[in-house]
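What follows is each chain in one-letter form.
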Amino acid sequence: EDQVTQSPEALRLQEGESSSLNCSYTVSGLRGLFWYRQDPGKGPEFLFTLYSAGEEKEKERLKATLTKKESFLHITAPKPEDSATYLCAVHPGYGGATNKLIFGTGTLLAVQP
Amino acid sequence: GAVVSQHPSWVICKSGTSVKIECRSLDFQATTMFWYRQFPKQSLMLMATSNEGSKATYEQGVEKDKFLINHASLTLSTLTVTSAHPEDSSFYICSATPTTGGGYEQYFGPGTRLTVT
Chain A
1 EDQVTQSPEA LRLQEGESSS LNCSYTVSGL RGLFWYRQDP GKGPEFLFTL
51 YSAGEEKEKE RLKATLTKKE SFLHITAPKP EDSATYLCAV HPGYGGATNK
101 LIFGTGTLLA VQP
Chain B
1001 GAVVSQHPSW VICKSGTSVK IECRSLDFQA TTMFWYRQFP KQSLMLMATS
1051 NEGSKATYEQ GVEKDKFLIN HASLTLSTLT VTSAHPEDSS FYICSATPTT
1101 GGGYEQYFGP GTRLTVT
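One line per chain: the protein sequences are A and B, in this order. Residues 1 to 113 in the working numbering are what the first sequence lists, from first letter to last. Residues 1001 to 1117 in the working numbering are what the second sequence lists, from first letter to last.
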């Protein structure tokens, strides 16, 4: 069964305290792994797409990496404005663009000043 | 780029009435759009996949006669909640995948908060 698991469920950091969020996946194939950020009461905001093991993407304080079984979202020197829920999703490798993404349940990140 | 809008952003309606929510891709065309529902502090729950010019594909357990989806153009999909009841109160979010570019990213709208009284 295709599955995406995110950990931890919640993470509290002090401002400047770097850490990583994990997204492990089990799918028959992989046509892309996606990271999103969601603020309360808003729709998810697209961050990154990773396609193959070894690929890395960066945006400001965020860096996403991908292996054959998991992805990490590294947050370097976070600021309070990085507080949000981070969602991971995978395209399971069949069906093309009409197929749904499989989402994890998210990691709620709180960065305290 | 890749902006998706939703209208309205919030709506309050009385039990038994119908509500229509619009989802528009503003700067790209989308053959496929998706409708999600999200309960407080929970992840996204896919309701249906909307395909331009054809019938929507509903997820198991989603009543197709209650949640009517129309994808009339490459930039517009609508979700109509018919005969709404308080249990339909939720946060509804749409997303769209660009027709061109070859990727599978979904770009999300800002969401619509529906409250049924």
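Each hint should be verified, as a subset may be incorrect.
Stated by the list, open to error - Just a sample of chain B residues kept apart from chain A, beta carbon distances all over 12 Å, derived:
{"id": "1", "residue": "1070"}
{"id": "2", "residue": "1076"}
{"id": "3", "residue": "1116"}
Said to hold, decoys possible - Below are the BS3-like pairs computed for lysine-lysine, each with C-alpha atoms no more than 25 Å apart in a straight line:
{"id": "4", "chain 1": "B", "residue 1": "1066", "chain 2": "A", "residue 2": "100"}
{"id": "5", "chain 1": "B", "residue 1": "1041", "chain 2": "A", "residue 2": "42"}
{"id": "6", "chain 1": "A", "residue 1": "57", "chain 2": "A", "residue 2": "69"}
{"id": "7", "chain 1": "B", "residue 1": "1041", "chain 2": "B", "residue 2": "1055"}
{"id": "8", "chain 1": "A", "residue 1": "79", "chain 2": "A", "residue 2": "69"}
{"id": "9", "chain 1": "A", "residue 1": "79", "chain 2": "A", "residue 2": "59"}
{"id": "10", "chain 1": "A", "residue 1": "100", "chain 2": "A", "residue 2": "79"}
{"id": "11", "chain 1": "A", "residue 1": "100", "chain 2": "B", "residue 2": "1041"}
{"id": "12", "chain 1": "A", "residue 1": "59", "chain 2": "B", "residue 2": "1014"}
{"id": "13", "chain 1": "A", "residue 1": "69", "chain 2": "A", "residue 2": "42"}
{"id": "14", "chain 1": "B", "residue 1": "1064", "chain 2": "A", "residue 2": "100"}
{"id": "15", "chain 1": "A", "residue 1": "42", "chain 2": "A", "residue 2": "68"}
{"id": "16", "chain 1": "B", "residue 1": "1055", "chain 2": "A", "residue 2": "63"}
{"id": "17", "chain 1": "A", "residue 1": "79", "chain 2": "B", "residue 2": "1041"}
{"id": "18", "chain 1": "B", "residue 1": "1066", "chain 2": "B", "residue 2": "1020"}
{"id": "19", "chain 1": "A", "residue 1": "59", "chain 2": "A", "residue 2": "42"}
{"id": "20", "chain 1": "B", "residue 1": "1020", "chain 2": "A", "residue 2": "100"}
{"id": "21", "chain 1": "A", "residue 1": "79", "chain 2": "A", "residue 2": "68"}
{"id": "22", "chain 1": "A", "residue 1": "57", "chain 2": "A", "residue 2": "79"}
{"id": "23", "chain 1": "B", "residue 1": "1055", "chain 2": "A", "residue 2": "100"}
What the hints assert, rightly or not - Derived coverage of chain B by chain A (criterion: at least 3 residues anywhere in the stretch with Cβ under 8 Å from a Cβ of chain A; other residues may be distant):
{"id": "24", "stretch": "1017-1026"}
{"id": "25", "stretch": "1034-1045"}
Because the hints were derived from the structure by calculation, they are not lab data. Even for Gly, the Cβ is constructed at its ideal location relative to N, Cα and C.
Hint-by-hint comparison with the structure:
| no. | hint | in the structure |
| --- | --- | --- |
| 1 | 1070 | 17 Å, holds |
| 2 | 1076 | 17 Å, holds |
| 3 | 1116 | 18 Å, holds |
| 4 | B:1066 to A:100 | 21 Å, holds |
| 5 | B:1041 to A:42 | 12 Å, holds |
| 6 | A:57 to A:69 | 17 Å, holds |
| 7 | B:1041 to B:1055 | 31 Å, violated |
| 8 | A:79 to A:69 | 29 Å, violated |
| 9 | A:79 to A:59 | 14 Å, holds |
| 10 | A:100 to A:79 | 33 Å, violated |
| 11 | A:100 to B:1041 | 21 Å, holds |
| 12 | A:59 to B:1014 | 44 Å, violated |
| 13 | A:69 to A:42 | 29 Å, violated |
| 14 | B:1064 to A:100 | 17 Å, holds |
| 15 | A:42 to A:68 | 31 Å, violated |
| 16 | B:1055 to A:63 | 39 Å, violated |
| 17 | A:79 to B:1041 | 22 Å, holds |
| 18 | B:1066 to B:1020 | 12 Å, holds |
| 19 | A:59 to A:42 | 20 Å, holds |
| 20 | B:1020 to A:100 | 23 Å, holds |
| 21 | A:79 to A:68 | 30 Å, violated |
| 22 | A:57 to A:79 | 19 Å, holds |
| 23 | B:1055 to A:100 | 16 Å, holds |
| 24 | 1017-1026 | violated (count 0) |
| 25 | 1034-1045 | holds (count 4) |
Figure legend: structure checked against the earlier numbered hints; hints not met, in rising order: 7, 8, 10, 12, 13, 15, 16, 21 and 24.
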